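The listed protein sequences correspond, in order, to chains S and D.
Take the first sequence: its letter number 27 is residue 27 in the working numbering, and every next letter is one higher.
Basically the working numbering = 1-based index in the second sequence + 39.
It should be emphasised that the hints constitute simulated quantities derived from the structure, not laboratory data.
As the structure is a prediction and not an experimental result, all values here were calculated from the model.
C-beta atoms are modelled at their ideal positions from N, C-alpha and C, and glycine is treated no differently.
Warning: the hint list may mix true and false statements.
Between beta-carbon pairs, the in silico distance windows are [claimed, not checked]:
{"hint": "1", "chain 1": "S", "residue 1": "I33", "chain 2": "D", "residue 2": "L63", "range": "17 to 27 angstroms"}
{"hint": "2", "chain 1": "S", "residue 1": "K38", "chain 2": "D", "residue 2": "K161", "range": "20 to 30 angstroms"}
{"hint": "3", "chain 1": "S", "residue 1": "W12", "chain 2": "D", "residue 2": "P135", "range": "18 to 28 angstroms"}
{"hint": "4", "chain 1": "S", "residue 1": "R28", "chain 2": "D", "residue 2": "M278", "range": "57 to 67 angstroms"}
{"hint": "5", "chain 1": "S", "residue 1": "W12", "chain 2": "D", "residue 2": "T71", "range": "24 to 34 angstroms"}
{"hint": "6", "chain 1": "S", "residue 1": "L22", "chain 2": "D", "residue 2": "C127", "range": "32 to 42 angstroms"}
{"hint": "7", "chain 1": "D", "residue 1": "E69", "chain 2": "S", "residue 2": "E35", "range": "32 to 42 angstroms"}
{"hint": "8", "chain 1": "D", "residue 1": "T148", "chain 2": "S", "residue 2": "I33", "range": "26 to 36 angstroms"}
{"hint": "9", "chain 1": "D", "residue 1": "S144", "chain 2": "S", "residue 2": "W12", "range": "39 to 49 angstroms"}
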Amino acid sequence: MNYLYAAYAVTWLIHISYLGTLVRRHNRLKREIAELKKD
Amino acid sequence: MKRVFPLLALLTAGLLGYALYQALVVAPTERTMGDVQRIFYYHVPSAWTAFLLFFINFLASVQFLVRTNETADRVASGVAIAIGVGACIAEFVIRPLPAGMHHGSIATTGLAVTALYFVIHKLFSEPSVDILAQVTAEVGVVFCTVVLVTGPLWARPVWGIWWTWDIRLTSTLVLWLIYVSYLLLRKFSTSGETPVLAAALAVFGALDVPLVYFSIWFFRTQHPQPVIGGGGSIDPRMMRVLMINWLAFLCFAFLVCWSRYRLERVQRDVEETQALEALLEPRSAVQ
């Protein structure tokens, strides 16, 4: 049973980590756009 | 579009929750493996989703390479049509088929290839098709990582080992490495030819996808037989849960690809603007 929960948990950990990188990229992009508008 | 996305995200979250409930509670317990078999409901849909994404990456890469040349574009379109027609007439040409293969599934797959090729051709322009290739490779690698992690977590209690250098496992690892190298090339290469090099790598990399998929049909392997066609079989209730989970992961992959695609478009626009600014700055300094 532990292996089952580990597999499901790791699956979501991988997906959530990737979504986290997308959010980080999105925020960085927003900052870059704001800087470009300032210039 | 901005209104549709949150709605689709909500529906997908609901579907993923329902699929999880089906996998953990509703699906019957397998007699010999017990509950650990339920890993299958995440492992197999993730593999199928990764294959589909890598296949879209292949079609997008081919189109990126051929669209600059009108003749090559026509030849590629002709090949796509020939694949669909060939798959439909395979019934009359290839007899007998290898065990487990069916003429109906060959025709469906062939027609799906042709349809997908022309859908991409119609919906994506030349720069957009390069973005599509990049995005599908990235999300495909995420799903392939899930496959490579959940596989050993199933194998340890069932086989007694985490990993074996069996053809299915090894070819999947090679597939993952090919697409990771594709993403590294895109990230770190500063050459103006990077999209072309990446597309060429993707076309060759995609050759590993059928090898991974058919390895358990043609080679003696420790990996279980395919549950659709092939030598394996599955309880219809398990098949239903498997399909619900695949649908849920497909919807999830579609939404992630959509967000990533929009992000990449904006990022490229920003980079273009920054490059233009950098070009203009020295001139204004001189003036």
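Evaluated hints:
1. I33/S with L63/D: 17 to 27 angstroms: 43 angstroms, violated
2. K38/S with K161/D: 20 to 30 angstroms: Violated, since K38/S and K161/D (Cβ atoms, about 39 angstroms apart) do not stay within the stated range.
3. W12/S with P135/D: 18 to 28 angstroms: 44 angstroms, violated
4. R28/S with M278/D: 57 to 67 angstroms: Taking Cβ atoms as reference, R28/S and M278/D lie about 43 angstroms apart, which means the hint is violated.
5. W12/S with T71/D: 24 to 34 angstroms: Cβ of W12/S to Cβ of T71/D: about 27 angstroms, so the range 24 to 34 angstroms holds.
6. L22/S with C127/D: 32 to 42 angstroms: Taking Cβ atoms as reference, L22/S and C127/D lie about 40 angstroms apart, which means the hint holds.
7. E69/D with E35/S: 32 to 42 angstroms: 56 angstroms, violated
8. T148/D with I33/S: 26 to 36 angstroms: 43 angstroms, violated
9. S144/D with W12/S: 39 to 49 angstroms: 32 angstroms Cβ-Cβ, so the 39 to 49 angstroms window is violated.
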